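Chain by chain, the residues:
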Amino acid sequence: MARTVTALVFLFFFGTAAAQETLVVYWTKGFYPQEDKALDDMVAKFEKKTGVKVELSRYSPQESVPKAVAALDAGSPPDVAYGDVFDFQVAGKWAAEGRLEDLSDILTPMKGEFLPITLETVYLLNEKTGKRAYYAFPMKRQTMHVQYWKDMLAEAGFKEGDIPKGWNAYWDFWCSKAQAGYRKKTGKRIYSVGAPMGVDSSDAFYSILTFMDAYGVKVVDDNGKLLVDQPAVKKGLVAMIKDYSHTVAAGCTPPSAVNWKDPDNNVAFHNKQIMMTHNATISIASKWLDDMNNDKLTAEQRAEAKANYYEKIATAGFPNRPDGKPMQYRSAVKVGVIFSNAKNLKRAKEFVQFAMQDENLTPYVEGALGRWYPVKKAAVQREFWSNDPHRKIVHAQFSAGTVPFEFTKNWKFTILNNENVWAKAVNRVVVDKWTPEKAVDEMTARIKQVAG
Amino acid sequence: MSSIALPRSEPAAPVKPPRKGLSTWQTWGAILIAPYVLVFLVFVLYPVSYGLWLARHPASYQTLFEDPVFFRTVVNTVVFLLVAVNLKMALALFLSGFFVHERRWIRWLSVIFIIPWAVPAIPTIFSIRFMLNPEWGIVNSLIFRLTQQDGPNWLTDPSLALAMAMAVHIWKALPFWTLILMAARLAIPRELYEAAGVDGASGWQKFKFVTWPSLRTLYLTSTLLSMIWTLGDFNSVYLLTGGGPADLTHVLATLGIRYIRLDQVDQAMATIVVALPFVLPLVYFMMKRLSVDEQAR
Amino acid sequence: MNKLAREARLWLVGIPVLLWTLLPIYHIFLFSISSKDSAFSGALWPDKPTLRNFGTVFREEHFYLHHFWEQIWNSLWIAVAVGVLTLAVATCAAFAISRLKVRGGRMVMNAALFTYFIPAAFLAVPMYKAMGSYGLLNNRWSLVLAMVTLASPYAIWVLKQASDRLPWELDEAARIDGATPLQLFRLVYLPLMTPSLVAIGTYALLLAWNEYLYAFLLLSHEETIPLSVGLAHFLASDDSPWEVLMATALVYGLPPAAIYYAFRRYMVGGLTSGAVKS
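Residue numbers (the numbering used here), protein chains in the order written: chain D, 1 to 452; chain V, 1001 to 1297; chain G, 2001 to 2278.
Bound conformation, chain D alone (with noise of 0.2 Å):
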C-alpha cells in the first residue's frame, strides 16, 4: 500500500513536471492561411513527439524585432524566435552582441543537406569571442524577380518578344514605349515602372542593391572591410543611383513611390497602376494563387485570379547587365535563433532540429505559395517547383547561383539597411533635386560612420 502511495505521489509530481515543460516560441505570421496551418502542424506534431507544450505566438513582419527585444529587455526572452526580417535587421547585431546561442551542434550534422550560399549566411562572427559560428537557422529565401501584366503589355501594342535583353533598352522599353502605347490606347494615367522607393521598405533597399549588383559594385570586401572610397565603386554608385531615380523624373514610376512601405508596390501592381514592378519574392502572383482556391471568394473572383494567376501575370528575372553579362541575383537567407539565456536550451535545440527535417520544413516553405524558396537540396527537386509557370522561374534563377548580402559579411550594415541610406539617396535625388553625386557622397559617408 505504501509503495502504491510512494509510487503514486512520484508519478504525479514526475508526471505533473514533464507536463508542465513549455516552450515559447515567437514565429512571423504567414501571408497565407496556408502558411499558417503549416506551422500549427509542425507545433502539433513536435508536442505529441515530445510532450512538450508549446506557447506559440505570431507577429507581423515589423513587429517581430521590437517584440523580441522587448522579451529579452524583460529578462524573458523566447525559447525560439524566427523573423522574417532577423537577417535584414538584427541577426548580425544579436550575434557580434554575443546573445545568440551556437547552433553548431545541430546544423554542422545537417551541412550536407543545403544548398550553396544559404548556411554560409549564418556563419556569423560573435565579437565576444572573436569567433565565427553557426548563431542562426536558415529557414527559407528570397530573390529578386520582375512581374508584369501580360495584358497590359498586350494593350500597349506589343507582344513579350519584344521586351529587350538589354539593360538600358530594358527600362527604357518599359519607361517610354509600353507606357505611352497604354496610355494612347486606354486614357489611363498608369505608370509602368512600379520601383520601390520607400524608405520605410525593405522592397527598396533589396531593388536597388539589386541595381547595384547589375553595375558589378561591391562596397564591402568578403573580409567586411569598405570598398567605398574606391573611385571605381563610387563612380558605379553615382551610375546605379542616377538609373534607379531617373524613372520618376521620366515620369513612368508614381511618384507616390517615394512613399511606399513593403505592400505598396503589390498594391499598385494589383490595382494595376503600374504595369511592372521588381519585387523580392513572387507575393505578387501568389496572392492571386491564394485567391484562386479561396472558397469565401465569389466563383468570379476565383476564376478571375485562376486568370490573372495562370495567364496575365508573368514573373522574369531582370535583362543582361548594363556590361551585357548576365544578371546575378542577390539572396536574403530568412532565419530564426535561440537566444543564449533562453529558458529552455534543450527543447529549443530540439524544436529546432525538428522544424528544419525535410519533412516538416517543406510544407511550410511550400505553404507559401513560392514565395519563399528552400534552402534545402530535397526541398528544391519537387515537382512543387517545376509543375507551376511562375516557379520555375524562380526555380530557374536560383539555380543560377547566387549572391548574399553585405550584412553577412558585415553585421554593421543591418544598421546601415534599418536606416535605408540607399533609399535615402535615391529619395535625396528624386525629392530634394540633389545630383546623384551629392546624394552618393552623404551615402558612402555615413556608411563609413557606421560600418568603418
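Because the hints were derived from the structure by calculation, they are not lab data. Model, not experiment: these values are computed from the prediction. Glycine included, every Cβ here is placed at the ideal spot set by N, Cα and C. Be careful, since some hints might not be right.
A short list of chain V residues far from chain D (calculated; beta carbon distances all over 10 Å) [as the list claims (entries may be wrong)]: (1) THR1024; (2) TYR1061; (3) VAL1100; (4) LEU1155; (5) SER1202; (6) PHE1207; (7) LYS1208; (8) LEU1218; (9) LEU1262; (10) PRO1277.
A few chain G residues facing chain V, derived, Cβ under 10 Å [to be verified]: (11) TRP2020; (12) ILE2025; (13) TYR2212; (14) THR2248; (15) LEU2254.
Chain D is fixed; fit chains V and G onto it per the hints.
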C-alpha cells in the same frame, strides 16, 4: 468655514471639526487617496525614472545628433508647434464666436462639429490618408476630372506632407478647443454686450473691449496647454505619413517610436529627454498658473 | 437687408465648417459601401453600392479579420475596465482632496496635473519598458492600467473642481448628524456629483476605446489586441483591402460617436468645467 448658526441637537457620538485632524477622517482621506498614489508611483514615477536611467549614456545622445534624421525632426516639430497650434487656436476663437449664435441649425452643426474629436483616430486619419493618395485618392481624382491636370503630391512632397499632418491635427483637435472657448464666451454676461451695443459699439469693438479681455487669459493658457499636447501628437504624423517620405516628416513623438522599432531603445529615450527642455518649462508654467487660480478662490 | 447679410455671413462660415468636418467621415462611409474597383476609381459615389464589405467583416472572412470579434470584444472590455477603474480611483481621490482635505492633497493634485500635462506619447516608451519589467506585456491589464494612469489626472482635476463647488453646509450638516466619511461619500457626495461622474466615466471609456499607440506598444498577440491595432495591421496586407478596412473602421468608429452623442450634455458641461473658471 460656515457662518450659519445651526440648531444643535444631541450628537450620537462626540463630533470634532476635521480641521483638528480627527484620525477617522484623515485615515479615510489617506485610504481614499491611496489608489491614485499607488497608480502614480507604479505607473508614472517608476517608468519615468527607469526611462531617464535608460537615457543616461552620453553615447546615445551623440548617436542621436549624428543621425541625419534628427535635425530635420526638430525643425518639423518646431514648425508644427508654432504653425498648427496658433492656427488652430485662432480658428477656435473665431468659430467659438460663430457657434454661440442662437440658431437651430447652428446648434445642430455644433453637435456634428464634435465628431472629429470624438471618433477614434485610426479610421479617420486612414480615411484622410486614402483621400490624399496622389494616384487614386478622391481629391486628386476630382482635380484631374475638373482640370485634366495631376493634383499635387499631397503625401510625397515633404513640405506638403507636413502641412497635411498639421491639417489633420487641426481637424481632430479644433472641436475641443472651440468648445472650451465657447463655454467661456457663454459665461460672459449678456448685459456687457447690451451696454456696449447701446453705446454704439460695432461688432469688432464688442470683441475687442468685451469678449477679448474676458477670454484673453483662457486663450493664452489654452495655447500653452495645446503646445504641450501637440508636442506629443503621435497619431497625426504616424498614421498619415508614417514619418515619410524618407523620414522627412518625423516629429519628436514619432521619432522615439521609430527607434523602438529598430531596437535602439536607449536612443528612443534620448529623443524624449531631448524634448524635455521644451516641455518642462511649459508644464511648470501651466502648473503655476493653475495653482495661482487655486489660491485666488 | 442687414439681417439677410448677417444670415449669409453665418452660412458662409457654416457650410465650409460642415464640409470640412464631414468629408473624411463621408469618405469612410463611401469606401465601406464600395467594391474594390470603384473605391480606387476616385468616384464620389459608387456606381454599385454594396453591403458586402460589412458581411466580410462580420463573418471574419478576410485574413486580417480572422479575429475581428475577439478584437472588438477586447476593445470593449478594456474600455469599460478603464472607465470603471478611472472613475473609482479618481472619485475617491477627488473626495479625499476636496472634501476631506487630506494632508498632502495639494502634492497629489500637483503630481496628477504633472502627469496630465506631459504628452502621453512621451510616457509611452518608459511605460512600455516598465510594463516589460512588471511582466505585464501582452496582458490586457497592462493597457488598462496604462490608460487609467493617463485618464485619472484629468478626471481628478475635473471632479475636484466640481466637488469644490458643492456647498460646505451639507458636509457640516452630515458631520453633525454623526455621519462617517463613507456615509458622506455615499449619501451626499456621489449623488450630487453624478453628472460629472457620467462625464468622466464616458471620457475615460472613450479615451481607452480610441487609443492606438499604447495598445500597439503593450499588446501584440492577435487575440489580445484591441480593434485599433487590428485595423493598423491591415496596412501590412498585400492586396490593399481598403474597402474592407474602411468598413471595419466604420464599425469601430460608431460606438464612440454614439456614446458621445448620447451623453453630450454631460460631456460638454462636465469637461469644460475643468477648464473654465466661473
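Checklist entry - Among the hints numbered above, which are violated by the structure, and what are their numbers in rising order? => result 4 and 9
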